Amino acid sequence: MFALADCNNFFASCERVFRPDLNGRPVIVLSNNDGCAVARSNEAKALGIKMGAPFFQIKSIVEKYNLAVFSSNFALYGDMSHRVQQVLSRYSPCVEQYSIDEAFLDLRGMNIPDPDAYAKQISAKCKRLTAIPVSVGIAPTKTLAKIASKLCKQYPKLRGGCYMHRPQDIEKVLRRFPVEDVWGIGRRSAAKLSSMQVRTAWEFVQLPETSIRKLFALPGYRTWLELQGTPCIEFEDTLEPRQSICVSRSFAKEITDCQGLCEQVANFAESTAHKLRAQKSMALQMAVFAFTNRFKDNAPQTYGSRLVVFPEATADHSAIVRSAVAATRELYRPGYGYKKAGVVIVKLIQEDAAVGSLFRDDLQARKNERISSSIDTLNRNFGPGTILFGIQGDGHIKMSREHQSPHYTTLWSDIPKVSVK
Amino acid sequence: MQPHEIEGSEALEALMLGDVKAGFPSPAEDVREKLDLMKLLVRHSPSTFFFRIDGVSMVDADMDEGDIIIVDRAIDPYDGCKAVCFIDGEYTVKKVQLKPDGATLLPCNDQNSRYKPIPVGPGDEFLIWGVVTYIIKKA
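Chains S and L are the protein sequences, given in the same order.
Just so we're aligned, residue 107 is where the first sequence starts under the working numbering, counting upward by one.
Just so we're aligned, residue 4 is where the second sequence starts under the working numbering, counting upward by one.
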């Protein structure tokens, strides 16, 4: 038995934690640079605001219906996500954080007399302790648990928790569940199924095993089995290190000068190095790219990228930042307005698998490692940007965040105020 | 960005906890326990939040402008507790008086008659945001 706990409209709900006055009022959260809506409260969804709707297109609705609009506040969302995870970890020894707002709980081998009550209890506890509404679905497989959690969102009378296990109940639900919304059915599989007139999860389950094996790769077959109650998607409570790491952003204002572009790329590179080190990996190859605004018709367009091959695997901040800046200088062309840039570690290995090169200067490498770990420590203990490379400028990625709420839970200067009356 | 002062004791500790090169090893070298205020003040970390006292409109309320209060949502309101409440669109610290059929929110200072008691019915538990567990004030 597995549970999926999914925070309802997570970013919008986080914005409400310290603003109870927003309950009942439509809330949207915008992507980086305030580009488009990435989270919507139920009230905002009811107004017809779609996921990913560009902000400029919905401005009239914002004014007409008094929408509360927020820029992304990842410090707040990260902290609230961590709190919810802490609560969930009381309900299972194995919790797999699937994304910032979703986690699987492995309930196998646990003695839970009433799973439906258990689901409702988890939801109520999350709400009570963190003020975040969470939908909890419990089912025989991870795929079905995800569907069960969606039911909780559809039907408020389930009070945030639902146990879906009887075959006749599962059939009833799958008959109404669009196949493209099933976890694990990607866009390509969905198109394939649509051309075969397979519209619901139930119709998908009815396909014979032979045609499933013929039409889909292993993941599709697993999904098919999981929908029938056979668990076959592994539980991953230890996060696998990522096979590539990417940090990229679009800029609030186009960047035309080389120095400005280098500063931004240096910030991305520093952040990449930090992520790399956090998962104990080392970079072998890194790509750096920058391009202009494709949506601006009359402006001259350019796209530049460079591949950096490190002479030996490295997780050294200065080596990564220096190479990224050098690559940026190479790809930069004057006379263009750059809108977006990024740094991607395209090839990496785990640090314990790294092989030193013949010409490696061990003493220097050890010195660099000490510098890099000091940078990590300082920035972890005193906040990101405490120590920077000169090329990073002021260390800020140039983004517009006009509507950002305070960092209520992560900065002393931003904690909420209260009066005594 | 604010400059961070490195406390004198930390610097001293850094000097003292190094390898002992010669002589008799310090018997206290392995003792690294420290008193951690967070452990004392934060009993339930997922549900603990900090607020700053902003407006004080009464004397003898235990709380002064600028104090930081620690609020724990894991604690059920008990009779006589102080709680952060959300009233008329703002956060206010009130004293909770429990009654068999609900609760009443009183001003923190009983003698203050400027603020009327606010009854809390079964439907508006949300009025009480969280229970105050500690008040941190500057001496």
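It cannot be assumed that every hint is accurate.
Claimed, not checked - Pulled a few chain S residues facing chain L out of the computed Cβ check, cut under 8 Å:
#1 Ile339
#2 Ser424
#3 Lys523
#4 Val524
Claimed, not checked - The list that follows gives simulated cross-link-like pairs (lysine to aspartate or glutamate, EDC-like), each with its CA atoms no further than 20 Å apart:
#5 Lys233/S <-> Asp57/L
#6 Lys523/S <-> Asp104/L
#7 Lys165/S <-> Asp185/S
#8 Lys42/L <-> Asp220/S
#9 Lys231/S <-> Asp91/L
#10 Lys386/S <-> Glu286/S
#11 Lys523/S <-> Glu36/L
#12 Lys231/S <-> Asp79/L
#13 Lys226/S <-> Asp70/L
#14 Lys259/S <-> Glu277/S
#15 Lys381/S <-> Asp82/L
#16 Lys140/L <-> Asp127/L
#17 Lys523/S <-> Glu93/L
#18 Lys263/S <-> Asp75/L
#19 Lys402/S <-> Glu418/S
#20 Lys263/S <-> Asp91/L
#21 Lys523/S <-> Asp75/L
#22 Lys402/S <-> Asp458/S
#23 Lys523/S <-> Asp82/L
Because the hints were derived from the structure by calculation, they are not lab data.
Just so we're clear, the structure is a prediction, and the values are computed from it rather than from any experiment.
From the three backbone atoms N, C-alpha and C, an ideal C-beta is built for every residue, glycine too.
A quick look at each hint next to the structure:
{"no.": "1", "hint": "Ile339", "result": "violated, 28 Å"}
{"no.": "2", "hint": "Ser424", "result": "violated, 21 Å"}
{"no.": "3", "hint": "Lys523", "result": "holds, 4 Å"}
{"no.": "4", "hint": "Val524", "result": "holds, 4 Å"}
{"no.": "5", "hint": "Lys233/S <-> Asp57/L", "result": "violated, 27 Å"}
{"no.": "6", "hint": "Lys523/S <-> Asp104/L", "result": "violated, 30 Å"}
{"no.": "7", "hint": "Lys165/S <-> Asp185/S", "result": "violated, 30 Å"}
{"no.": "8", "hint": "Lys42/L <-> Asp220/S", "result": "violated, 35 Å"}
{"no.": "9", "hint": "Lys231/S <-> Asp91/L", "result": "violated, 26 Å"}
{"no.": "10", "hint": "Lys386/S <-> Glu286/S", "result": "violated, 36 Å"}
{"no.": "11", "hint": "Lys523/S <-> Glu36/L", "result": "violated, 34 Å"}
{"no.": "12", "hint": "Lys231/S <-> Asp79/L", "result": "holds, 12 Å"}
{"no.": "13", "hint": "Lys226/S <-> Asp70/L", "result": "violated, 37 Å"}
{"no.": "14", "hint": "Lys259/S <-> Glu277/S", "result": "holds, 19 Å"}
{"no.": "15", "hint": "Lys381/S <-> Asp82/L", "result": "violated, 48 Å"}
{"no.": "16", "hint": "Lys140/L <-> Asp127/L", "result": "violated, 31 Å"}
{"no.": "17", "hint": "Lys523/S <-> Glu93/L", "result": "holds, 9 Å"}
{"no.": "18", "hint": "Lys263/S <-> Asp75/L", "result": "violated, 28 Å"}
{"no.": "19", "hint": "Lys402/S <-> Glu418/S", "result": "violated, 41 Å"}
{"no.": "20", "hint": "Lys263/S <-> Asp91/L", "result": "violated, 29 Å"}
{"no.": "21", "hint": "Lys523/S <-> Asp75/L", "result": "holds, 16 Å"}
{"no.": "22", "hint": "Lys402/S <-> Asp458/S", "result": "violated, 47 Å"}
{"no.": "23", "hint": "Lys523/S <-> Asp82/L", "result": "violated, 24 Å"}
In terms of the numbered hints stated before, the structure departs from hints 1, 2, 5, 6, 7, 8, 9, 10, 11, 13, 15, 16, 18, 19, 20, 22 and 23, listed from lowest to highest.
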